[in-house]
Amino acid sequence: MTLAPASDELTAGATSRRRSARPEGRPPGRVPIGYVFVSLYTLLALAFGIIPALYAVVLAFTTTDGGFAGFDNFVKVVTDFRFLPAVLHVTLYLVIWLVMLVIFVVILALIVHAVKARWAGTTLRFVYYLPGALAGASSVLLWLFVLDPTASPVSGLLHLMGLNSFVQVIQPGNLPVIFAIIAFWTGAGGWIVIMYGALNNVSTEVIEAARIDGANAAQIAMRIQLPMLRKWIAYMGVMSLAAGTQLFVEPQLLSQASNAVVPNDYSLNQLAYQYAFQQNDFNGAAAISLILLVVALLLSWVFVTRGGLFEKE
Amino acid sequence: MTALSTQPRRDGRLRSWSGRSVAGLILVLFVLFFVIPIIWLLFAVTKSSRALIVSNPFSIGSWTDFMANWNQLFGFQDGAVTLWIGNSALYTLGALAITLVVSIPAGYALALTEFRLRKALLVLTLVVMLIPSTALVLPVFLELNTVGLIGTPLSVILPMSFFPFGVYLTYIYFSTSIPRDLLAAARIDGCSEIEVFTRVALPLAAPIVALVAFFSFVQNWNNFFLPFVMLPSSDGYPIQVGLTSLLSSTPAFNPSSAGSDSVQLPTLALATIVSILPVLVVFLFSQRYLVAGMTAGGTKE
Amino acid sequence: MQLFDRAGKGWPDVVFSSQNTDAAWASQKSGGKQAFAAVLDKGLVPQKTLDGFATGALNPCTVDGQVYCLRNDLAQAVLWYNKSLMDQFGYSIPTTWEEYEALGQKVATEHPGYIIGTAGDAWTPEVFMWASKCEANNITGPKAVTVKTDTPECKRAASLLDTLRKNDTVPVVSVFTPEFVKKYTGKVLMMPGPAWYAGAIFNNPQSLNVPAGQLGVAAPLPWKGDDKAVTGNVGGGTWFVSSHSKNLKAAEKFVQYVTTADAYQVDVAPGYPAYAAAAKKWVAKQDASKYYATSLQPIVTAASQIWDGWGYGIFSQEAIWAKTITPGVTSGKSIVDLLPTWQTAIENQAKVDGYTVK
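Chains as they are written, first to last, in the working numbering: chain Y, -15 to 297; chain X, 5 to 305; chain A, -19 to 338.
Because the hints were derived from the structure by calculation, they are not lab data. Treat the hints with care, since some could be wrong.
To be verified - One side only, chain X facing chain Y, incomplete, derived with CB under 10 Å:
# : residue
1 : Phe80
2 : Leu87
3 : Ile89
4 : Leu128
5 : Leu158
6 : Leu173
To be verified - Calculated cross-link-like contacts (lysine-lysine; reagent style BS3-like; alpha-carbon spacing at most 27 Å):
#  : chain 1 : residue 1 : chain 2 : residue 2
7  : A       : Lys22     : A       : Lys123
8  : Y       : Lys60     : A       : Lys162
9  : A       : Lys208    : Y       : Lys60
10 : Y       : Lys60     : A       : Lys331
11 : A       : Lys123    : Y       : Lys60
12 : A       : Lys229    : A       : Lys63
13 : A       : Lys113    : A       : Lys338
14 : A       : Lys63     : Y       : Lys60
15 : Y       : Lys60     : A       : Lys128
Quick reminder that beta carbons are idealized off the backbone N, C-alpha and C, glycines included.
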């Protein structure tokens, strides 16, 4: 849309600069400009990402007094009676949530994108995003009520499912679904906004051409829009995977809302938190975090390679 | 986006009427899904705690109840809530400024320039994003303690400025939306690399700047854990951490606080709304840029 | 606190805690660093002051025989009841737990919908199991605990809860949920619970809102055959002084003032003061308010009846019960059947917190 004016401006500016033209290509010995651009970021990454991560790795392999501990910390956390249940919880949650997120976000983004009236599209995106503004502590109260069939705005729905009391709703078997719903409720809006923007990027000529050829909306979606969104969907997948393995906020706030009926060591990340702050065992916490990291890395590798996240188009 | 007209191809479109109603139904269902709890919350601030429990979830309370909740909220700990909101604004905007200055060039470089560590940096960023923050809290705390920053706003602003998610967004945007030929043309025309960035890429990057700014704002405004650890004194709390103070004075979540001074549930609801208003305002404001603009990259040749 | 320990600075001088698990860790060295809590009974606080607290009030503060904090308020469990309703239905106050259970059967048949207690809170074990002398939390040392839930004492309380849950007179609902207020306003015949229930639930317009002149209180119940009644304790705040404090004397003076001075404890504080002299005046003040239908003497008696066989460890018994028993009961199991699971859960948690379990 703004392409044409920009290049006019460009050529105009360039002509006037011809006198101070630089030699073509890069002279040997000159530092690629890329380094300059990333320098500040690398600094921050070192200070708040890489060095702490390395420290965490060191912590995971040492004891409280600083001596080398080999794999002791890992053995200790893996044999902790809460570890395997937490793994199960996170896995179940991840599966439910990722599927829910990828499918519904893409569908909703496609539909919202197809809405013609601008005000409708804007309102829809705002409405879908609204819950995303609610962070952890703010929503404890909200979920205490929404999940209590006697006072909930959706009590009809809960009663329909045979759930008549708060403790029934937060039964251990229901928890992965509840957390996935809460996470979706808060997280989907942001991704819908991003996907919508990405959809705007798909050239309209191609879509028009397909429509002239007789393709209907579903076919356009499948054959043209989705492949264009590949990188974005992959990014959403990776980020959601990362966030999902680090499940913490949802079980923590339900634990508060239910006064510990939902345990505060439901997820692996919560377990790490307990190790760090209730048991004063930062080494154990680091060990759990490393395990989480390795798993997340392995899983996200799939998305990265299949989604072509690192390719330059 | 060109408006789709339905006249010319009615036969090809008839099928899509049912498709349209399915789509419409899905939209409406999800609107309800996202909005019902929020509506409940809005009504909740107008009720007293007892009314909240026994009356219909969608009924409106009274003005007196609302004022009572308002006064209780802003009177809590002598106006702590106002102070906390101010703190949140300080931290978030400070981090935002630094994030933009740092992340946009970085994403650009990762997407559109060549240098040896490019892929390594990408991978490293991704890895760091996957590390649970519980593990990073202690090292960051110790680092900042060594330079004596604990308890100062910088102890929160600096770590918050590290925003790999934003760098990735920028990276993806630049690598999908800016045609490389454009940059090549600029280089041929004699622009230095910095000029290529400032004169070609940056003007086209308005949408991604808005996007990164928005997400940075929201993430930092809602960040609980980092300020909780770095700021021992409740004077420096941002609103999210302050909310936990409120929670621990609410008997429903902390039974030992039961008493005449305890915080009531609707007051909490009001606190919730007050704490998310800035985010919503920013969202509304940046909507134009967020989505309209991502097209600005234009067609790919 | 761990972060302050590692940073070597920043500890607050005085800390108020509402969790009884705090003395257990604050009194110990952590990671080789000095323990956070200052010892109070080795001269810092006058012995006379320490003796002025109710019997057993300082138990949550005492680790290995040394006192690390001062108690702000007590939370002894007593038997609350609605005198008007009891008179109206013609019931008499039970004098033993067995009579309590029998009353529950009567209420279930004659007045369904009314309840004589709740068992859905995290502190339910502290009201029922503790009062039954169940040895689920016998802390024997700073890092040692004995757990035995298969004893007759535990079984009798468990079976009582099971019977009354089945006939709906002691439902599994938490008193701070909307469900409780909605379903049971006006239907609470009796309620074993801590002293602070008065202000939190009964005399609270946002909760049950029981009108004046109806609420009575009776002494904790014994089991038949036990020579005297014991009761449980649910919370009660504590004040710590930091061992790192540069103003040790001032901090101590503050803590002493706030726990013993009438100006705070009697005039302002909502809870039953732990300091005996202040407690007497507090009770008098409550009596004078004409809200209660009976004298408050049972609360005073109960203050010294808290069983000392249930200790205060670093791990939370409330959390263990909430995540083990409450979901189990909701899915249909009986507490008696769940007793071994409860035992294992306590042992597991104790072990990860470094306790040796016997």
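Here's how the hints hold up against the structure:
This hint is violated: Phe80 (chain X) has a C-beta 14 Å from the nearest C-beta of chain Y, more than the 10 Å allowed. Hint status for Leu87 (chain X): violated, given a least beta-carbon distance of 17 Å to chain Y, over 10 Å. Interface hint status for Ile89 (chain X): violated, as the beta-carbon distance to the closest one in chain Y is roughly 13 Å, over 10 Å. Using the Cβ-Cβ criterion of 10 Å, the hint placing Leu128 (chain X) at the interface with chain Y is satisfied: the shortest such distance is roughly 7 Å.
For Leu158 (chain X), the suggested interface contact is broken, since its CB lies about 12 Å from the closest CB of chain Y, more than 10 Å. Taken as an interface hint, Leu173 (chain X) checks out: its beta carbon lies about 8 Å from the nearest beta carbon of chain Y, inside 10 Å. Of the supplied pair hints, the one linking Lys22 (chain A) and Lys123 (chain A) holds, its CA atoms being roughly 22 Å apart against a limit of 27 Å. Of the pairs offered as hints, the one joining Lys60 (chain Y) and Lys162 (chain A) is violated, with about 46 Å between alpha carbons and a cut-off of 27 Å exceeded.
Only pairs whose Cα atoms come within 27 Å are accepted, and Lys208 (chain A) paired with Lys60 (chain Y) is rejected, the gap being roughly 45 Å. A hinted pair counts as satisfied when its Cα atoms are at most 27 Å apart, and Lys60 (chain Y) with Lys331 (chain A) qualifies at roughly 12 Å. Distance check on the hinted pair: Lys123 (chain A) and Lys60 (chain Y) sit about 19 Å apart at the alpha-carbon level, within 27 Å; holds. Annotation: proposed proximity of Lys229 (chain A) to Lys63 (chain A) is violated, straight-line Cα distance about 48 Å (limit 27 Å).
With a CA separation close to 17 Å, the supplied pair Lys113 (chain A) and Lys338 (chain A) stays within the 27 Å bound. Distance check on the hinted pair: Lys63 (chain A) and Lys60 (chain Y) sit about 55 Å apart at the alpha-carbon level, beyond 27 Å; violated. Among the hinted pairs, Lys60 (chain Y) with Lys128 (chain A) is consistent with the structure: their alpha-carbon atoms are about 26 Å apart, no more than 27 Å.
Violation of the numbered hints given earlier is confined to hints 1, 2, 3, 5, 8, 9, 12 and 14; the remaining hints are satisfied by the structure.
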